[in-house]
Amino acid sequence: MVKTLSRRALVKGASALAAGGVLDMTLVKLAFGAPSGAGDFTFAYISDSHIQQIEGGKFVRNWDRGLKRAVAEANLLNPKPDFVMFGGDLAQLGKKEELDHGLDLLSPLRYDVKYVLGEHDYYLDLGEYWADKISKHYYSWDHKGVHFIVLNSIIVDEAWTNKWATPMERMLVMAGLDDPRGSPFMVGEKQRQWLAADLAKVPKSTPVVVFSHSPLQKIFKNWNFWTDDAEEVQALLKPFSKVTVIYGHVHQIQYNQIGAISFHSVMATAWPWPYPETYAQEGSLLPVMTVPMNRADPFHERDATGWQFVDVHTGNVALSYSLPDNSPRVVAYDEKLKRPRDLQYSERTIPPHMHY
Amino acid sequence: MRIFLAAALVALAAPAFTPARADEFTKADLELWRKEYMAAVDKGRGVFTDPKLGTNGVVCAQCHPNGSNIHPETYPKFQKQMGGVVPLWVMINWCIQNPLEGEKLAPDDPRMFAIQTYITHERRGVKLDPGKH
Ligand SMILES: [Fe+2]
Ligand SMILES: [Fe+2]
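So the sequence lines, in the order shown, correspond to chains A and B.
According to my numbering, the residues represented by the first sequence are 2 to 357, in order.
According to my numbering, the residues represented by the second sequence are 18 to 150, in order.
Pulled out of the complex, with its shape left as it was, chain B reads as follows:
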C-alpha cells in the first residue's frame, strides 16, 4: 500500500511541463490555457452559427451579431415572462425553442456550455452586474 501511494505521488508530480511547486507556472502554461480557452470559444461560435441547432435553419448570430444584445453579465435576473429569477441557460433555451423552433438543451449539454463560453467572451471587459435588465 505504502509503495503504491509513493508511486502515485511520483506520477502526480511528474507531468511534462508542470513545475515542482504549486505556485509556479510558466509562459508556456499560460499560452496553453489561453489556447484551450479560445478553442472552447470557437466551438461556441460554431454552435452559435449552426443551422442544425434548431429545426428551421435560423442561427443565433442572425439576430445577435457578435453575440450582441445578450447580456450574460446580468444573469441571474428576473424575467417577467418566465415568472421568476432565471439563469442564463434558461433564456438561451427560450431562444432555441422560439426563433429557432428547436428542442431545448439540458443545462449540462456540451453545446449549452459552448454557447455560454462564446457569448461571455464577446462581453469580456463588461462589469458583472447580476439582477440588472
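Only chain A is shown next, with the shape it has when bound in the complex:
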C-alpha cells in the first residue's frame, strides 16, 4: 500500500509555509512492500519557470510568483531531499537578465541544485551563458546506487539552427510552441554516442534515471511534445532492468511505460498547457494510461501549476505533485502492473472540467 499526501496535510503544509514551519513529507514516505535498500531517497523537481523580462528589472509577476512559491515550499521538505533538479525553461527568451533573475529566485534553496537545459534557455546564444554560469548541457553522476543522466534533448539540425537573420529571431520562433516554423527536437548523434559510452560503464541491474527536457517519446509533434530520435535513445536504455525518464516541457501530467522504461512528466511553475487532444485539427499520441488533469480554471492563477518531490525506492520512482490550487496527485510505479499508476485519480472526473 502506498500512502499519499492528504489534502489536509497539504493545507497544513500551506499554512506551515505562512507560519514559517515545516512541510512534513514523512506522510508521503512510500512503502511498496519491498524492503528498503539501495536507491532509497528523495529529491525535489522544479521546472518550466519561464522567467520573462518586461524591461529593465521588471519581470512578469505571475511567473515569478510560481517559482518563488515552489522554492519556498521545497525548502520546507522534511525529510530533506538529497538534491533539487531544475527541469529547464528557466527563462522565456534565453536572456542573461532572465537567467540571472531565475537564479536569484532559486538561490534561497538550501540544497544542491542540478540543471536540465530547455529550449527557452538555449536558442538565443545556443547555451553559451548556460554553460558558463549554470551547468553543463549533458552529464551523469551516481547517487546512492542509482545512475543519473542529464541529456540536452532540445537541439535541432544545423541547417535550421543557422538559417535565422538574428539569434533573437531564432529564439522567438522556437519560443512559440505552436509556431509552424519550428523544428522537431532531438538528442542527436554526438550525445547518443556519449550516452552509449557512459552506459557501457554501468551494470545492467543498476537503476538508471534520465532527465531530459522533451519527452524522449513521441506524443505530439506540433508542440514538440516529441524527440525525433526517441527510439534510438530508448534502444540504448533497453538493456537496463529499471529505467525512469523524467521530463519537463509539457506543462502537464503525463506518464507511460515502454518496456522497462517508465516515463513521467513534471508540472511547470509558470502556466499549464492543454492536452494535445484539445487541438481539434490534429490527432495526438498521449499515452493511453495517462489520466489527464482537469481543465485549468484561469480565475485561479496557480491552477494546474506546481512542483514535485520524487521518492526513489529500490530504483523505481513515485512522483508526488504539489499543486497549490489543486488536490495533490501521486503517480507511482506499481510493482504488480509493472508501470506507473495514478494512485487516487484514476476514477475521478468532474463533468464541467472534462476535456472535449
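Simulated from the structure, these hints should not be mistaken for lab results.
Wrong hints could be hidden among the right ones.
Claimed, not checked - Within a straight-line C-alpha distance of at most 25 Å, the following computed PhoX-like cross-link-like pairs (lysine-lysine) qualify:
hint : chain 1 : residue 1 : chain 2 : residue 2
1    : B       : K97       : B       : K149
2    : A       : K134      : A       : K97
3    : A       : K97       : B       : K69
4    : A       : K59       : B       : K69
5    : A       : K219      : A       : K239
6    : A       : K96       : B       : K69
7    : A       : K239      : A       : K145
8    : B       : K121      : A       : K59
Stated by the list, open to error - Derived Cβ-Cβ restraints for the label pairs, each shown as a range:
hint : chain 1 : residue 1 : chain 2 : residue 2 : range
9    : B       : P147      : A       : F300      : 19 to 25 Å
10   : A       : K239      : B       : W50       : 53 to 59 Å
11   : A       : A73       : B       : L145      : 42 to 48 Å
Nothing here was measured: the structure is a model prediction, and the numbers come from that model.
Think of the CB as a built atom: it goes at the ideal place given N, C-alpha and C, for glycine as much as any other residue.
Chain A is fixed; fit chain B with the ligands onto it per the hints.
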C-alpha cells in the same frame, strides 16, 4: 431622377467578376472569399501572438497553443466568476486584463474581431454547442 436611378442600377450590375444573376458565382469568387477569410484568420493569429496586446509581453498563444482550450463554440455560456451568461468577447477581455495585464478592448474593436476569427478557425469542424462548459 429616373435617369440617375437607371445609371446606378447599371453600375451595380457591372462589377468585374459578379455574374449577372444572384444565384451564380464562379470558382474565382470562391477563391477570393477564401483568401479574404484566411487573411482575416492570419490577422487574428497576429493579434494572438502580439506582445503589445497587453502590457507585460505575455501573448495569448503562450497558454493557448493553436488557440486550444478556448472553446468558442460553447459561447454564450454561464461563467460563475462573471456572475452570468456571457459572450465570448467578455472572456477574451478577462484574459487580456489578467494574464496579459492589459486594457480591455471594445466589443467592436478590430483586434477583438480578429482574435475571434482566429480562435474560431482553429475549432473548425467542432459542433456548435452553446451553454456547455
Ligand atoms: Fe516550458
Ligand atoms: Fe520547453
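Each hint, compared with the structure:
no.	hint	result
1	K97(B) with K149(B)	13 Å, holds
2	K134(A) with K97(A)	10 Å, holds
3	K97(A) with K69(B)	22 Å, holds
4	K59(A) with K69(B)	16 Å, holds
5	K219(A) with K239(A)	17 Å, holds
6	K96(A) with K69(B)	19 Å, holds
7	K239(A) with K145(A)	22 Å, holds
8	K121(B) with K59(A)	22 Å, holds
9	P147(B) with F300(A): 19 to 25 Å	21 Å, holds
10	K239(A) with W50(B): 53 to 59 Å	54 Å, holds
11	A73(A) with L145(B): 42 to 48 Å	45 Å, holds
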